[in-house]
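**Student:** Using the sequences and the hints, build the whole thing.
Each protein sequence line maps, in turn, to chains L and C. Mind the numbering: the first sequence is residues 1 to 750 in our numbering, read in order. Mind the numbering: the second sequence is residues 1001 to 1105 in our numbering, read in order.
Bear in mind the hints are in silico, worked out from the structure with no lab data behind them. Please note that a few of the clues may not be correct.
[Said to hold, decoys possible] Okay, derived cross-link-like pairs now, SDA-like style, lysine to any residue, Cα gap no bigger than 20 Å in a straight line:
#1 L:K725 <-> C:V1035
#2 L:K725 <-> C:I1034
#3 C:K1031 <-> L:Q722
#4 L:K87 <-> L:N77
#5 L:K725 <-> C:I1086
#6 L:K720 <-> C:T1102
#7 C:K1031 <-> L:T728
#8 L:K725 <-> C:V1040
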Amino acid sequence: MHSLIQLSIVVLLLPLLSFVILIFFNRRLPRRGDFIGVGILGTAFAISAYIFWSVIVQTYDPAFRIAWDFTWIDLGNVPGVGPLQIKMGIVIDNLTAIMLAMVTLISLLVHLYSTGYMAGDKNYGRYFAFLGIFTFSMLGIVLSDNLFAIYIFWELVGLSSYLLIGFFFEKQSAADAQKKAFLANRVGDIGMWLGILILYSQFHTFSFEQIYANLAAGKFGLSHGWLTAAGILLFMGCVGKSAQFPLHVWLPDAMEGPTPVSALIHAATMVAAGVYFVARIFVVLTPDALHVIAFTGACTAFMAATIAITQNDIKRVLAYSTVSQLGYMVLGLGVGAYSAALFHLVTHAFFKACLFLGSGAIIHAMHHEQDMRWMGDLRKKMPWTFATFTLATLALAGLPLTSGFMSKDAILAGAIGFAKVEGGGIYYLIPVLGFFSAMLTAFYMGRQIWMVFFGESRTHLKPADDHHQAHHAHAAHDAHSDDHHEEHGVHEVSWNMRAPLVILAALSVFFVYSPDPLDGGKGWFMKMIQTPATVVGEANHQIGDLRTPHAATALAEVVPAVEATAAEAGEHGGAEKGAHTYSDVRQAEIVHAGHGAHYTAIYISSIMVLLGITMAFVVYVFNIIDPEKTAIAIRPLYLFSLNKWYWDEIYEATFIKGSMLIANILTWFDTHIVDGIVNGVATVVRNFALLNDGFDRNVVDGMVNFTAFTVNTTGAMLRKLQTGKVQTYVVMLLLAVFGYFVFYLTRLIY
Amino acid sequence: MEQLTTIGLNHYLTISAFLLGFGLFAVMTRKNAIVVLMGVELILNAANINFLAFSKYNGGMEGVMFALFVIVIAAAEAAIALAIVINIYKIFKSVDVSSIDTLKE
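**Tutor:** Dropping the structure here:
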């Protein structure tokens, strides 16, 4: 076993250890054991950092990959199928190393931050235990080398997400939100499992490596449509977990959880797991499946951005921006901008975690006020939070010199390239939606910064009953709210909440990823994460079908990198080296076209972002356009956005009402048909019993009673003879003798 | 009539029958237990006369033997019966047979 594999197993198991210790013993430990959670995550991060350093810095090889597995379940020789084994294993490549470091770092920072944010909560220890099990599950997804293990950890992160969303389960809204998240995820997971089964039914293995090798060798026995279906079904898991349209509804509600949890799970890591998963299965996705993915991502990005504009809850704005950014990543994968999408995953994780932790600091300082309408002028009171929040906002909006700029533009460039390769038309909708969302993002983030940090403090404007309600809602979990009531001033948060903000903000600057602020492609990330060669075979397409004339150039330019992975796949699967499939060429072309579109994307997106920020300034800083009057002027649009495109209402009216209707029908069936049968049988039995009862009472008892009656009557009659007077008996004796005598004489005579 | 002039078997039997009748009458009609006992003695003696009469006209000694036995047994019987009567008197303060019907209850 490679030493890095051993270390990664240690990293995987450390958070589980933290969970076990804290869930059982937190009440016996000083400080409820929070130092154990932080300490263990610190160790895990240190080891992950070492793995990252060995893999990315020392090795610096795009094709780096080590794997190790063991047989978990051996089913032996199954009749008709052959030997079946379920294996578990670990794979470490560049992506794993990066994800490992990212997840442990953010988890560590969130642990540290929570020691301040959650201080005094009555379930403080349990909270850290849940963070531990979440980190364990997330690392499991990252490290797994097969679909089965990923599915297990996938459900485990779903569970930890469920537990943490409903952490304040005394609140009805939190309990509802956790159920909603769990159910929405379940819909996606069912699809994902079906996708896994389609692949398993063909290859009898869950291992990524073997599935790809078998696919590359053309051993997929079903039609090409089935492969597309498998890809789309697997993508459904991502739709659920990464909150893509149409299953995005759970993520904004998940903000009911504690804010550090929103940062860790619902912004940085778990929701990105969907994107990570699509990246893992990227090579089995057919062009048709990729189109579905691209359009889903584009719709999600645009829709969420339009909703974020009108939200007033600081966390909800960030939640919708998360949905929107996840849409970008999915869009990126869909258009074939593989490296760019994963680049965005990592950059987004850092700046979005920073934003959420910043919003947590604001909420903490504002005594659990989440509504931006009652904030304002926090810039001077919370300078650290302001600086880091602003930096992360610039990254999210995608201004130059930030990490978000590089990754977002790489995706948009890929989208333009994709549209070109696919021949324009409707495919241009994807980059257009992307650019439009970029503008909206800049606008709503500008709005948020302004409402929170600038202008006048509007705390006093809050309606009294509203205020009361908010306090009431938080009374359940806010054990330390009492001392807050006394000192009502807003103040900067303590060091353990400030440090994570600074670290995360620092990781949102361009030079961490690339020396050239305008081109992420020159950085280590894009060099280490190369688009893998697809393994899907031919469908109805021929290389000649591609419309762009420079397919050959594209191949020559891009293929060497692709070649490396293809060659590796070839070793395992026996695919002919150098034989390029339609999908390969298409992919290479998209990458090529993406490179070509790089500067176009930069120009357009910069213009869009500046436009968005200018709009935010016009509306909120200079007050040239009054937002309230505008809202009234375009009231239908405003309400459409404020009510989140009415998705909750649509689902309420269709799926929820529908399942209620089905439930009612089934209830009716149960009460009338099933119960009817049971009751009918019961009635028959009962009537038969009544008949029996009558027979028993009248006939059987009658005979018994008649016997008794006869004996009784006879007895009563005979009793009268028993006078107790000896002389009577003597008379009777005499009469009897006389009678016998007469009888005897009569016999004698006749 | 000639038969009646000389004393024969019929005379004995007739006396015996009368004696039996008197005995029965006493047993059936008298209320005093001792008188009833006396009636019983009469009946036993009627039987004795019969035994002896038949014995004399049959020429055997069996009748005589039986009569002796009956006398002995009657003596024993009278002793036991009188003891019973005394006990009854102790309990019921009366020797009236019609009032002794406790077992009927």
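**Student:** Could you run down the list of hints and mark each one as holding or not?
**Tutor:** Against the structure, the hints come out as follows:
no., hint, verdict
1, L:K725 <-> C:V1035, "holds (15 Å)"
2, L:K725 <-> C:I1034, "holds (15 Å)"
3, C:K1031 <-> L:Q722, "holds (18 Å)"
4, L:K87 <-> L:N77, "holds (15 Å)"
5, L:K725 <-> C:I1086, "holds (19 Å)"
6, L:K720 <-> C:T1102, "holds (15 Å)"
7, C:K1031 <-> L:T728, "holds (12 Å)"
8, L:K725 <-> C:V1040, "holds (16 Å)"
Going through the hint list in order, the structure satisfies each hint without exception.
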